[in-house]
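With the hints as extra help, turn the sequences into a complete structure.
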Amino acid sequence: MAEVGIRGVRKTYAGGFEAIKGIDCAVGDGEFLVMLGPSGCGKSTLLRMVAGLETISAGEVSIGGRVVNDLEPKDRDIAMVFQNYALYPHMTVYDNMAYGLKIRGMSKADIESRVHKASDILELRPFLDRRPRQLSGGQRQRVAMGRAIVREPKVFLFDEPLSNLDAKLRTQMRVEINRLQDRLGITSLYVTHDQVEAMTLADRMMVMNGGVAEQIGTPMEVYHRPASTFVAGFIGSPAMNFLPARLTASGVELNGGHAVPLPAGSGGASAAREITLGIRPEHLTLESGQGIGDIAVKVELIEALGADTVVHARLTSSGDPLLARLPGSARVSNGDTLHFAITPGEVHLFDRQTGRRL
Amino acid sequence: MSRRVVFPNRVLPYLLLAPQVAITLVFFFWPAFQAVRQSLYRDDPFGFSSRFVGLANFELVLSDPNYINSLKVTVIFSLSVAVLALVAALLLAVMADRVVRGKRIYQTLLIWPYAVAPAIAGMLWLFLFSPAMGTLAVMLRDTGYDWNPLLNGDQAMAMVVGAAAWKQISYNFLFFLAGLQAIPKSLIEAAAIDGAGPAKRFWTIVFPLLSPTSFFLLVVNTVYAFFDTFGIIHAVTGGGPARATETLVYKVYNDGFVNLNLGASSAQSVILMAIVITLTVIQFKYVERRVHYA
Ligand SMILES: Nc1ncnc2c1ncn2[C@@H]1O[C@H](COP(=O)(O)OP(=O)(O)OP(=O)(O)O)[C@@H](O)[C@H]1O
Ligand SMILES: [Mg+2]
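Chains as they are written, first to last, in the working numbering: chain H, 38 to 395; chain U, 26 to 319.
Treat the hints with care, since some could be wrong.
Stated by the list, open to error - In the DSBU-like style, the derived pairs of lysine-lysine whose C-alpha atoms are separated by at most 30 angstroms in a straight line are:
{"no.": "1", "chain 1": "H", "residue 1": "58", "chain 2": "H", "residue 2": "191"}
{"no.": "2", "chain 1": "H", "residue 1": "154", "chain 2": "U", "residue 2": "225"}
{"no.": "3", "chain 1": "H", "residue 1": "191", "chain 2": "U", "residue 2": "225"}
{"no.": "4", "chain 1": "H", "residue 1": "111", "chain 2": "U", "residue 2": "128"}
{"no.": "5", "chain 1": "H", "residue 1": "111", "chain 2": "H", "residue 2": "58"}
{"no.": "6", "chain 1": "U", "residue 1": "225", "chain 2": "H", "residue 2": "145"}
{"no.": "7", "chain 1": "U", "residue 1": "225", "chain 2": "U", "residue 2": "210"}
{"no.": "8", "chain 1": "H", "residue 1": "58", "chain 2": "H", "residue 2": "139"}
{"no.": "9", "chain 1": "H", "residue 1": "111", "chain 2": "U", "residue 2": "225"}
{"no.": "10", "chain 1": "U", "residue 1": "310", "chain 2": "U", "residue 2": "128"}
{"no.": "11", "chain 1": "U", "residue 1": "210", "chain 2": "H", "residue 2": "139"}
As the list claims (entries may be wrong) - One-sided and incomplete, this derived list gives chain U residues near chain H with beta-carbon spacing under 7 angstroms:
{"no.": "12", "residue": "211"}
{"no.": "13", "residue": "212"}
{"no.": "14", "residue": "214"}
{"no.": "15", "residue": "220"}
{"no.": "16", "residue": "221"}
{"no.": "17", "residue": "307"}
Hints are computed from structural coordinates only; laboratory data are not their basis. Predicted, not measured: the structure shown is a model, and the values here were computed from it. Where a beta carbon is used, it is the ideal one built from N, C-alpha and C, also for glycine.
Laid out in structure tokens, this is it:
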């Protein structure tokens, strides 16, 4: 059981490229932290620094209160699941799982009981004598998980463990990992670029962009109060609508004169200020009684998905594009003019220049 | 994973194979056949006639103490060359794989010796270790060691083994390096996280994964030591002193082309051929079982 501390961590690669530009994060004991971000944002780099596979250029990483910057991976008491699983191809499933225990000098009987326990949890019993190449992708993935859990480490590190699986298997393994985490309660750092994985698995998530942590918070915080336009656009599907707007004393004024009154106490500005207004597609409604504002749009395209209907439209006043997700029962057709209202409390205001939340 | 290519044309595949088959026939099967035939005949001293003698040549060869000596020399020589060349190449490959800066330069330089012809490699070693003028021989003697391969058979053996292994190291190095680079880095990292230090990682992960390469090289090196080292031995020791470095191949040459005893020489080459075929079969049958093809 251990907490993980990441303090002012930076990484500059040999070529001079700064992949991590100063990240702070404290991961609590037993917490499941998901690192999420686009390709190349430095997720793997940060994880590998915690594992000890990359040197730490500046700052400090601690595990269980002990600074581990100068410790070898083997002395950090961590286990890692790799994207390509990294199973030892010349060993059986049993030996793959037992390898780390053998090296640590555990007795044969203890090794066997641990491997058997793990293979029962992961339903790997029938495959213990097989080589990795004789397994399906999903089975290999489970062996990789098994190799990590038999070690009973202080911290689990996962680098996109599910990204090589097909959609159905991924959902299944996601549930499995969730169950394991509840059962074992081991501190975990989990890298992914799949937001559904992140939202469903995370106790807290770190949304990364270009080597910095844009926001660290619970999935609900990140969804309902995104810290920047980047986070707001990255989380949620379809992505949030961003409309250029001006913040005035009376409320928000869209291009072309549409006004959205702000609920009392949510700010407003004495001097008019250029902002970006963010509205999630699912927070637009046709029932004027259930929302604030009145945004007139002309429908351009309709995607009926059954449960939902996604409406692509343009503001009649300015021509800015707007996406709305309506219940599947909504009766709309191309060319209609609709009037949208915004669900109260779901109006997001961002500084136009910095992109930070106001 | 057996995918078969099906040619619509029935003749084309044979045409494509023809050059390879022709070369094998002309340069291997024909001489081999000649050797077998020749080994059953004996020439008169003037080379005017030859008569069929059955297995008499083989009897003669196998009862010759010089031949038994040559067999022993060959075993020692081949084993030493193969082991030395494999171990040294593996060591160099592991080191070169770890180098970060100037990796390419090291790798290129290490490959060069392979481009040197055997006889020239032999001459280089001869110059370096010649008791009269060799640079390294002088240094050896300065340390108080009595270095004289012209008189001392063991030293002569060490010298030809060194030269033959040196020439083969580059070849082995190339294969080992490619083998090392084909091992996914994440495997090594996983082992490091599992708690294995560098030595443990090498013996439990890297070495087993290199076994197909090692096995292939063992076969190649044995055949090399048997056959392709003639040039080196010829240049460095000429089989001496007192037959201390006379390998089977060298003896075939000596008896056949120097002493012009064609029958005995042919009988020896037939035996040699049988030995190499047996060795290769054994290697494939028994050693390969312990190899893990990933
Ligand atoms: N060894 C290296 N040397 C130099 N630059 C590197 C090295 N490894 C990674 N980088 C760079 O660092 C940045 C972050 O890489 P990293 O692998 O952490 O990305 P990632 O967020 O894991 O992306 P992905 O989702 O594609 O796996 C990238 O821009 C990459 O090009
Ligand atoms: Mg990555």
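These are the hints, each one checked on the structure:
The suggested pairing of residue 58 of chain H with residue 191 of chain H holds, with an alpha-carbon distance near 26 angstroms, which does not exceed 30 angstroms. A distance of roughly 26 angstroms separates the Cα atoms of residue 154 of chain H and residue 225 of chain U; the hinted pair therefore holds under the 30 angstroms criterion. Between the alpha carbons of residue 191 of chain H and residue 225 of chain U the distance comes to roughly 23 angstroms, so the proposed pair stays at or under 30 angstroms and holds. The suggested pairing of residue 111 of chain H with residue 128 of chain U holds, with an alpha-carbon distance near 27 angstroms, which does not exceed 30 angstroms.
Taken as a hint, the residue 111 of chain H and residue 58 of chain H pair is honoured in the structure, with Cα atoms around 26 angstroms apart against an allowance of 30 angstroms. For the proposed pair residue 225 of chain U and residue 145 of chain H, the alpha carbon gap of about 19 angstroms is at most 30 angstroms, so the pair holds. Proposed proximity of residue 225 of chain U and residue 210 of chain U is supported: the alpha carbons are some 16 angstroms apart, at most 30 angstroms. Distance restraint check for residue 58 of chain H and residue 139 of chain H: the Cα-Cα separation of roughly 39 angstroms exceeds the 30 angstroms cut-off, and the hinted pair is therefore not satisfied.
Distance hint between residue 111 of chain H and residue 225 of chain U is fulfilled; the C-alpha atoms sit about 12 angstroms from each other, no more than 30 angstroms. A C-alpha spacing of about 38 angstroms is found between residue 310 of chain U and residue 128 of chain U, which places the hinted pair above 30 angstroms, so the restraint is violated. As the CA atoms of residue 210 of chain U and residue 139 of chain H are separated by approximately 22 angstroms, the hinted pair is consistent with the 30 angstroms bound. Taken as an interface hint, residue 211 of chain U checks out: its beta carbon lies about 4 angstroms from the nearest beta carbon of chain H, inside 7 angstroms.
Look at residue 212 of chain U: its Cβ gets to within about 5 angstroms of chain H, closer than 7 angstroms, so that hint holds up. Taking 7 angstroms as the C-beta cut-off, the interface hint given for residue 214 of chain U holds, the closest approach to chain H being about 5 angstroms. Taking 7 angstroms as the C-beta cut-off, the interface hint given for residue 220 of chain U holds, the closest approach to chain H being about 4 angstroms. Of the supplied interface hints, the one on residue 221 of chain U holds, with its beta-carbon coming within about 5 angstroms of a beta-carbon of chain H, less than 7 angstroms.
Evaluation of the residue 307 of chain U hint against chain H yields a violated restraint, the C-beta minimum of about 23 angstroms exceeding 7 angstroms.
Going through the hint list in order, the structure does not satisfy hints 8, 10, 17.
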